[in-house]
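Engineer: Each chain, written out:
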Amino acid sequence: MLRASWQPTLLLVVATAAIAATPSERRNFVACPVLQDTDNVPCWLARYQGELYFLGIQTDSGGWGPPWLGHRVLVEGRLAGGPRVCGGIALTSDYMTSNIPSGSADGESLPMPPVVSVMRELDASCNELLPADPRFHILGRRGPGPNTAASALRSPPPPAAAPTVTAPYGVQAFTLTYDFDSELASRTIGEALKAAQYAQAVQARSIAIIGRRGSTLLSDGSLAEEIPDIARLRAQELAKTLHKLGLPAGSALSVRWDANLEPADGIKDPQRRRAEIVVTP
Amino acid sequence: MGADYWIAPGQGTVLPAQVRFADASGSVGTQFAHGPVTMRGNPFFEPLGTNGRACVSCHQPGSAMGLSVVAIRQRWQETRGKDPLFAAIDGSNCPSLSQDQEASHSLLLKRGLFRVSLPWPRTVGPDGSPVEPEFTIEVVRDPSGCNTDPKYGLSAPDPHISVFRRPRVVANLKYLAVDAGANIYGAAGPFNAKRLAMVMDRDPESGRYSAMNIMSDAREPSLRMQARDASRDHLQVREPLTEAQLQSIVDFESQVYAAQQSDAWGDDFAAAGAPAALGTENLLQSPSGVLGDNFGNPAFKSFVPWQQPTVPPGDARASFHASVIRGYDVFFNRPFWIRDVTHINTVGLGNPAKRTCVTCHNLQMVGTDASAGWGDLGTTNEPWASEAISSPGYDSKPDLPLFKIVCKPEARPHPFLGRVIFTHDPGRALISGKCYDVGSIVMGQLRGLAARAPYFASGSAPDLRAVVDFYDRRFNIGLSEQERTDLVNFLSVL
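Residue numbers (numbering that gives the first Met the number 0), protein chains in the order written: chain G, 0 to 280; chain U, 0 to 493.
Because the hints were derived from the structure by calculation, they are not lab data.
Fair warning: there could be bad hints in the mix.
When the alpha-carbon atoms are kept at most 20 Å apart in a straight line, the in silico SDA-like pairs for lysine to any residue are as follows [said to hold, decoys possible]: (1) G/LYS239 with U/GLY124; (2) G/LYS239 with U/ARG411; (3) U/LYS433 with G/HIS242; (4) U/LYS433 with G/GLU120; (5) G/LYS239 with U/GLY206; (6) G/LYS239 with U/LYS433; (7) G/LYS239 with U/PRO129; (8) U/LYS433 with G/SER181; (9) U/LYS300 with G/THR147; (10) G/LYS193 with G/ALA238; (11) U/LYS407 with G/ILE226; (12) U/LYS300 with G/GLY144; (13) G/LYS239 with U/ASP126; (14) G/LYS239 with U/THR122; (15) U/LYS407 with G/PRO227; (16) U/LYS407 with G/GLU120; (17) U/LYS407 with G/LEU183; (18) U/LYS433 with G/LEU183; (19) G/LYS239 with U/PRO120; (20) G/LYS239 with U/PRO132; (21) G/LYS239 with U/VAL130; (22) U/LYS407 with G/GLN235; (23) G/LYS239 with U/ALA410; (24) G/LYS239 with U/GLU131; (25) U/LYS433 with G/ILE226; (26) G/LYS239 with U/VAL123; (27) U/LYS407 with G/ARG119; (28) U/LYS433 with G/ASP228; (29) U/LYS433 with G/ARG231; (30) G/LYS239 with U/PRO203.
All values reported here derive from a predicted model rather than from experimental measurement.
Pulled out of the complex, with its shape left as it was, chain G reads as follows:
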C-alpha cells in the first residue's frame, strides 16, 4: 500500500485555532473506537460521557491514522462545529493530522481529524462495528475498492535531493513528535532524514539525541501518562534510524532520554511527545 502523496517531512504544526479553542470546546479522552459502516467508506467514532463523536473516515496510509478495533484510543481534539457526521459530533485538531483531504459527508468537506493515538496494549472490549446505515452518505478520497484518485496515476516523483548547505554552518535542532506511547515517528520521521543529511553536509562533529516522555491533560481533569520507558525507546529507536540513514565517519553520537513527564495543558500535549536531534558542525 504505497501512497504517493505521503510526505516524510510532514510536521505537526500549531494552528491559530489552538489558541482560540476554549476548554469547553476541547475533547481529550480515552475510549473504545466505534466503526460505523456506510454504503461507501466507514466512519470512525468514539463515545465519551454519553455522547458520540465523529473522528474521521477510513483513508489511505498517507492520511490520518484511523483507530484499531481491539485497542482503545486517546483522542485529542476540539469541536469542529458544523453538522454531525455519521451520527457523531465532529471533532477536529489544532494540528495538521493529515496531509490529504479525507472526503465529504452529505456534500460537505470533512474537517481535519483530531489527534488519535492507538493505545499500546490490547483491549478486547473495543469491538463495536455497526452495520451500514443508509442515512450516512460519505464520499472518501478513496472508496472501499481500488483507487480512483488522480494521485495514483501520476508518474513517480523524482527522488528528493539532499538540501544544499552553505557556510557558516550552525548548530541545528530537529524535532520529531509521536503518537501517545509510541516510539515510531510515523508522521515526522522525515526530520530524522533532514538531520542525517545536514550532519553529512557539514561533517558534523557531534549529534545528540534526546528522547522525552509526555502526558495529556484529559477533559475530565485526569492525566494520561506515557509509559516510563517511552523516552528511552524513542531515543534508542531514533539512534537506530540515524545509524541506518548514515552519519559522518568520526562524528560522536550521544543518546539520552528524560523519563520525567513533560507538563500537560490539554492543548499542546501532542507536541511534547517528542525527541530532538541536535547536530553540531
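Go by the hints and put chain U onto chain G.
Structural biologist: Frame of chain G; chain U shown alone:
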C-alpha cells in the same frame, strides 16, 4: 507432468528461450530474456557444493521456478529418496534423523517445506546493525525434533531455530528485487512507505536501500547476498562462491520470467489477442514498479479479449473465460473487512479496513505488495494457523513446530495478539527481533501458481481452493460457491 519435468544439477543440456511444462491447469511457461540457456558452466545449474544440489534443484522451470510438491514426490519415487533434493541439511525434518526413512522427510514430501535454520537469539541484522530481541522463544511442540535437538536446536551450543518454509519463485524478479524507490512508484526515499518510520535495509555490498521483497522474512537485501547465503546453507559449498559465480547467478535470475502459459481449454497466452497480463512475454515486456490498486493501472490489466456479450450454452471454454473475468472482478472490486493484519491494518488504514484483495496484492503483473510486503495474515500464527483450521486438506496430526513467544514488558506488543503468541514460524521477527513482527511473512508473487502447489510460506494450502477458503475463513468474507470457483479459475491463469 512429463518426463522432462526435472532438471538435474550438472545436466548440461541447453534450455530453449521458451519452455513449457504441463501443469494442473494447462501449461506453465518459463522464458529467458537473453535467449537459450547453456546449462553447462552456468552456476545456477551446476552442483557447486558438497551435497550435489544446484540452485535449480529447488527452482525448477517446470514448477514456475519454484518447486511443486508433486515434483518433489515424483523425484522421491524415481530416486528412492537419493536425489540431492532430499539432502539432510534442509531436505529432511532434521539432519540428525535417519535419512533413509521417508518419515524423516515428511515435511518436504507432504507440504513441500524445507528446513530454514536461523541463529537465535539474533544479535545482528542483515545490514550489520545490532538486533536486540524483544521476546523469548519456548518450544511447545516439536514434531521434527530439530528445535529440541542437542546439536541443531535452540539449546545447542550454537543455538538455532528451525522453521519450515516453501521455496520462493526465482522469476519475474525485475518486479521484486529492486532498489527501494528505484522504480517503485511513490516510494518514500530510504523509508518504507508502508511502515512510515522504518528505514529500509541497505545492501551492505552496494550501499543501496533494498526493497526487501526477495525472501519470506526479508533477511537478504539483494539477489547477490541471497545466492551467497543459499550456496552456504542449501548447497553446502566448502568455499564461498566467487564474484564471477555470484554475478552469473544474479544475471541469470534477473532475466527469467515464469507464468501460466496456457489454460486447460487450449488458450495460448503467448498468442496474439491473449489478455495483456497473461503469459511470460507480457511479464517480460511490461514495466515494473507500477502500482496496480487503481482503475488507471489495474493489477492484472484487462481481460477484455475474453469478454463476450453472452456465453453460448454448453460452451465450456467461454464459460471458463467468463469465470476468470468474474474472479478478477472479485479480486479487484469486492470489498470485505480486512482485519487484524499487522503491517496492513496498522499502517494508516485502520482496523478493520473495508477494502479488496488488490489493496494488498497491489503491484501490477505480480500481485505482491509494492512496499516491502511482510504482514501477519495468520498463516503462521495461531489461532488462524492452527493446523486443524488452516490445513483441512492434510491429516489432523500436527506436522509443524509450535513456539510460544513471550514479549518483554517494554516491547511494543504484537498489535492483535498481544504479548503471548503461539506460532509455527515467527517469520520476520526472527530477523528484526521485534515482537510486533511475529508471524509476519513477505507476500509471495501470484504468477505460475498452478504449477507450484502448495501455497503460503508454510505450505498450509494444498491447492488454490484451499487458499481461497483460507481467506474466506480468515476475513469472514462470505464468498459464494460461484465466487470461490471464479477466484480459483482467475488465479489458475496467472
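Engineer: Are the hints correct? Go through all of them and say.
Structural biologist: Status of each hint after checking the structure:
Distance check on the hinted pair: G/LYS239 and U/GLY124 sit about 12 Å apart at the alpha-carbon level, within 20 Å; holds. The suggested pairing of G/LYS239 with U/ARG411 holds, with an alpha-carbon distance near 16 Å, which does not exceed 20 Å. This hinted pair checks out: U/LYS433 and G/HIS242 have alpha carbons roughly 18 Å apart, not beyond 20 Å. Note on U/LYS433 and G/GLU120: the hinted pairing holds, with a Cα-Cα distance of about 15 Å set against a maximum of 20 Å.
Of the pairs offered as hints, the one joining G/LYS239 and U/GLY206 holds, with about 17 Å between alpha carbons and a cut-off of 20 Å not exceeded. Taking the CA atoms of G/LYS239 and U/LYS433, the gap is near 14 Å; set against the 20 Å cutoff, the hint holds. Restraint check for G/LYS239 and U/PRO129: the C-alpha separation of about 9 Å stays at or below 20 Å, so the hint holds. For the suggested pair U/LYS433 and G/SER181, the alpha carbons sit about 14 Å apart, so the restraint of at most 20 Å is met.
The hinted pair formed by U/LYS300 and G/THR147 meets the criterion: a straight-line CA distance of about 15 Å does not exceed 20 Å. A hinted pair counts as satisfied when its Cα atoms are at most 20 Å apart, and G/LYS193 with G/ALA238 qualifies at roughly 14 Å. The straight-line distance between the Cα atoms of U/LYS407 and G/ILE226 is roughly 14 Å, inside the 20 Å bound, and the hint therefore holds. Of the pairs offered as hints, the one joining U/LYS300 and G/GLY144 holds, with about 16 Å between alpha carbons and a cut-off of 20 Å not exceeded.
Pair hint G/LYS239 plus U/ASP126 holds up; C-alpha atoms about 12 Å apart against a cutoff of 20 Å. Restraint check: the Cα-Cα separation between G/LYS239 and U/THR122 comes to about 14 Å, which is no more than 20 Å; the hinted pair holds. With a C-alpha separation of about 15 Å, the suggested pair U/LYS407 and G/PRO227 falls inside the 20 Å cut-off, and the hint holds. Under the criterion of a C-alpha separation no larger than 20 Å, the hint pairing U/LYS407 with G/GLU120 is consistent with the structure, at around 13 Å.
The straight-line distance between the Cα atoms of U/LYS407 and G/LEU183 is roughly 18 Å, inside the 20 Å bound, and the hint therefore holds. Simply put, U/LYS433 and G/LEU183 have alpha-carbon atoms about 13 Å apart, close enough for the 20 Å limit, and the pair holds. Restraint check for G/LYS239 and U/PRO120: the C-alpha separation of about 19 Å stays at or below 20 Å, so the hint holds. With a CA separation close to 14 Å, the supplied pair G/LYS239 and U/PRO132 stays within the 20 Å bound.
With a CA separation close to 10 Å, the supplied pair G/LYS239 and U/VAL130 stays within the 20 Å bound. About 16 Å separates the Cα atoms of U/LYS407 and G/GLN235, which keeps this hinted pair within 20 Å; it holds. A C-alpha spacing of about 16 Å is found between G/LYS239 and U/ALA410, which places the hinted pair at or below 20 Å, so the restraint holds. Annotation: proposed proximity of G/LYS239 to U/GLU131 holds, straight-line Cα distance about 11 Å (limit 20 Å).
Restraint check for U/LYS433 and G/ILE226: satisfied, since their Cα atoms lie roughly 18 Å apart, inside the 20 Å limit. Pair hint G/LYS239 plus U/VAL123 holds up; C-alpha atoms about 12 Å apart against a cutoff of 20 Å. Note on U/LYS407 and G/ARG119: the hinted pairing holds, with a Cα-Cα distance of about 14 Å set against a maximum of 20 Å. A C-alpha spacing of about 16 Å is found between U/LYS433 and G/ASP228, which places the hinted pair at or below 20 Å, so the restraint holds.
This hinted pair checks out: U/LYS433 and G/ARG231 have alpha carbons roughly 16 Å apart, not beyond 20 Å. At most 20 Å may separate the alpha-carbon atoms for a hinted pair to count; G/LYS239 and U/PRO203 meet this at roughly 16 Å.
Comparing the model with each earlier hint shows no violations; every hint is respected.
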